[in-house]
Every structure is written in C-alpha cells, then in structure tokens.
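If you read the sequence shown in the numbering used here, its first letter stands for residue 1, the second for the next number, and so on.
Any given hint might turn out to be false.
The list that follows gives simulated cross-link-like pairs (lysine-lysine, BS3-like), each with its CA atoms no further than 25 Å apart [claimed, not checked]:
1. Lys-320 / Lys-193
2. Lys-30 / Lys-78
3. Lys-332 / Lys-320
4. Lys-320 / Lys-196
5. Lys-282 / Lys-153
6. Lys-78 / Lys-332
7. Lys-332 / Lys-322
8. Lys-2 / Lys-30
9. Lys-2 / Lys-332
10. Lys-30 / Lys-332
11. Lys-78 / Lys-2
12. Lys-322 / Lys-193
13. Lys-78 / Lys-282
14. Lys-71 / Lys-30
15. Lys-320 / Lys-2
16. Lys-47 / Lys-320
17. Lys-322 / Lys-47
18. Lys-47 / Lys-2
FRET-style restraints, in silico, Cβ to Cβ [claimed, not checked]:
19. Trp-261 / Pro-18: 53 to 61 Å
20. Thr-209 / Pro-18: 45 to 53 Å
21. Thr-209 / Asn-248: 20 to 28 Å
22. Glu-215 / Glu-132: 43 to 51 Å
23. Glu-213 / Ser-103: 42 to 50 Å
24. Gln-98 / Gln-313: 35 to 43 Å
25. Arg-95 / Lys-193: 39 to 47 Å
26. Ser-256 / Glu-215: 15 to 23 Å
27. Asp-11 / Trp-261: 43 to 51 Å
28. Asn-248 / Gly-8: 20 to 28 Å
29. Pro-249 / Thr-269: 18 to 26 Å
30. His-51 / Cys-91: 19 to 27 Å
31. Leu-22 / Gly-290: 25 to 33 Å
Simulated from the structure, these hints should not be mistaken for lab results.
For every residue, glycine included, the Cβ atom is placed at its ideal position computed from N, Cα and C.
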Amino acid sequence: MKAFVLHGVGDLRHEEYPLPQLEPGWALVKVLAAGICSSDVPRIFEKGTYHFPTIPGHEFSGRVEAVADEKDSRWVGKHVGVFPLIPCRNCPSCRQGQYETCSNYDYIGSRRDGGFADYTAVPVWNLVELPETVSDIQGALLEPAAVALHAVKRAEIFQGARVCVVGTGAIGLLAGQWARHLGAGHVIVKGRKEAKRPLVRQCGLEYMTRCSEGEEFDRVIEAVGSAQALEESLMLAAPGGRLVLMGNPDGSRTLSQDLYWRILRRQLTLTGTWNSSYGEEKSDWSAALGAMASGVLRTDIVVSHVMQGTELQRGLDIMKNKTEPFCKIVLKL
1 MKAFVLHGVG DLRHEEYPLP QLEPGWALVK VLAAGICSSD VPRIFEKGTY
51 HFPTIPGHEF SGRVEAVADE KDSRWVGKHV GVFPLIPCRN CPSCRQGQYE
101 TCSNYDYIGS RRDGGFADYT AVPVWNLVEL PETVSDIQGA LLEPAAVALH
151 AVKRAEIFQG ARVCVVGTGA IGLLAGQWAR HLGAGHVIVK GRKEAKRPLV
201 RQCGLEYMTR CSEGEEFDRV IEAVGSAQAL EESLMLAAPG GRLVLMGNPD
251 GSRTLSQDLY WRILRRQLTL TGTWNSSYGE EKSDWSAALG AMASGVLRTD
301 IVVSHVMQGT ELQRGLDIMK NKTEPFCKIV LKL
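Produce the entire structure from the sequences given, and follow the hints as far as they go.
Here's what the structure looks like:
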C-alpha cells in the first residue's frame, strides 16, 4: 500500500509500506478521508512521533475491509469513524470508564501507525459505525468534534451564560457551536484576523478581534495553546468564571504576578481538557455523531480545503507556513 511515512523529524515520505497485520480483536480499515490536525504539524516537523518509522494521522474515517476474528465479521463493509486512543483497560481511570485519562494508552497516528495511508489497523472496539447521513469527510471530523464537545462540557455552561472561545481554528469553531447548542446565551469567538469574520458568522457565532474595555465572560475556552492566548483568556474571565484550557501548548508557560493575582482575587477556576469520552451511550463520540447526523453541528462550514490523498505535503505546508487562509484541511483518499 501507499503511505506517508515519517522516518525522522521533518522526513516525511510518500512510499510503499507493508499492509498492516491484524492482531486478534482488530480490523483492517480502508482510509477514505483524513483530517490534518494542528498537532500533526509540530509532530511531523518539530517533535517527531514516539518511534520511527511511523505513519501519522489520527482524524480519519474509512471502510472496514477485514477483521481478525469471525465474531467481528458484521463490521466488514461498514463505513466507520475511529476513536484513536487505545486505552490499557487496567489503570484506575480505565476501570472507571474514563479512558481519556488512561495512564498507559496507545495512540493511532503517533504511538502507532495512523490514517495517512491507504489502510490502517484499528481495534474493533475503537470503530464507530457511520449512518448513511454522515459522510466520509464528516466521519473524519468526528474526533475534533468530540474533543470540542468534551472541552465545552468541562466548562459547565449554564443557560444564558456568556461564553468566549479564544481561537478561530476548526476546533474553536466547533466548540463555539457546541456552547450555543448547550444553552449559552451569548457566544463570541475571539481571533486576530478580520478574514475569519465571515466564517465565524456562518457558524452562527459572533466574532471579535479586540475586547471592549471591561468585557468579561462567565466561561472562556482557550483553543490556541499560545502564551498570549492564555493571558487573553485570563483577562476575559469574569469574577467567579471558569476557564478551560484546550489548546496544546507551544512551549513553556510562566504567569506574571499580576495574572496570578487575578486568578486568586477573582476566584477563577482553571480546568484542563484532553481528548474525549468514549465507550458509552452518552459519550462525546455518540453525541457528536448524533449532532452531525441531525445537522445540529455544521462541520462542513469549518472544512476549508478538500484535497486528494497524495496532497498531504501541500496541506501541511499551508498550515505550517500559512501560505493561504485555512481552517480544516481534509484529504480524500
């Protein structure tokens, strides 16, 4: 099969690669659509994966081509999304069904081969069947949609709450849609570029590039990962407010004494979020799939580019060097 294989930091090659071998309980998935996550950029160009060679890509959908066990044969031919985290099932978090905080997890696309390939191997347990009303591209966006929902749920939004999402990436716009759907009375997305205003409005959200003096929000969701975004988010939180940190940090963080005092004196609650809940009827993945199928969640709005599967390098270049405006780039295989 053909795959994009990372042989070292910055050394991504499109080449022939062995077809995955199936372990008991696993399935072979023909990849049909794969999203490029913002985390793929530093993973490929700066930090690397956990071993080399590795096929990156953790946001993808496809069709089940084969299974290792006869008991799983009903999956063959099914169109599926894929939960990329493979929990150990033994640690305290896993025993409580809180797989997203597993202490010994494996991960498709970083710790093992992922979806930037013709085929990939996936545990049957991680397969999510897609109804006919959900497209392959939507299926590839299930993971960011579930991650965004998880963050919004961590914000504990109440009816009529004033919410600000800092960040105009796909996951920020999805978080804004979720906040509105879960009862927020006023949702604003904060960004830096006027070019993003029409896109934010398409999502049914308000947009601002600068804060009005004294403007504050009950709930703030930081979806960038930069030091500047963290500081802005702290300044936007109202007394007694709650700040959810979702953006992957791009470096070390140091808070000034004034910002630290602000957390104390305004009695702010800071909470982290990572990944998404999975494996039960009310999981983030079940909710995301239902919202996509019903049209409540408009993932199509955040897709700025649909490229051929061979154009991964071009998509990465757009994201890394910002050679043109983008939101979510999806490869169609």
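* Mind checking the hinted window 25 to 33 Å against the Cβ distance between Leu-22 and Gly-290? => Holds, since Leu-22 and Gly-290 (Cβ atoms, about 30 Å apart) stay within the stated range.
* Mind checking the alpha carbons of Lys-322 and Lys-47 for me, to see if they're no more than 25 Å apart? => holds, 19 Å
* Please work out if Lys-282 and Lys-153 have their alpha carbons no farther apart than 25 Å. => holds, 12 Å
* Asked: Is 53 to 61 Å a correct range for the gap between the Cβ atoms of Trp-261 and Pro-18?
  -> holds, 57 Å
* Can you let me know if the beta-carbon spacing of Pro-249 and Thr-269 is within 18 to 26 Å? => Holds, at about 19 Å.
* Asked: Between Lys-47 and Lys-320, does the CA-CA distance stay at or below 25 Å?
  -> holds, 14 Å
* **Thr-209 versus Pro-18 beta-carbon gap, inside 45 to 53 Å or not** => holds, 49 Å
* Asked: Has the given pair, Lys-332 with Lys-322, been kept, meaning a C-alpha gap of at most 25 Å?
  -> Given that 25 Å is the threshold and the Cα spacing comes to 21 Å, the pair holds.
* Would you check the hint for Lys-320 and Lys-196, treating anything up to 25 Å between C-alpha atoms as holding? => At roughly 18 Å apart (the allowed maximum being 25 Å), Lys-196 and Lys-320 satisfy the hint.
* Quickly compare the C-alpha distance for Lys-332 and Lys-320 to 25 Å and report which way the hint goes. => holds, 20 Å
* Within a Cα-Cα threshold of 25 Å, do Lys-78 and Lys-282 meet the stated pairing? -> Holds, because 22 Å separates the two Cα atoms, which is no more than 25 Å.
* Asked: Holds or violated: Lys-320 with Lys-193, Cα cutoff 25 Å?
  -> Status holds; Cα separation ~17 Å.
In the structure shown, no violation is registered for any of the earlier numbered hints.
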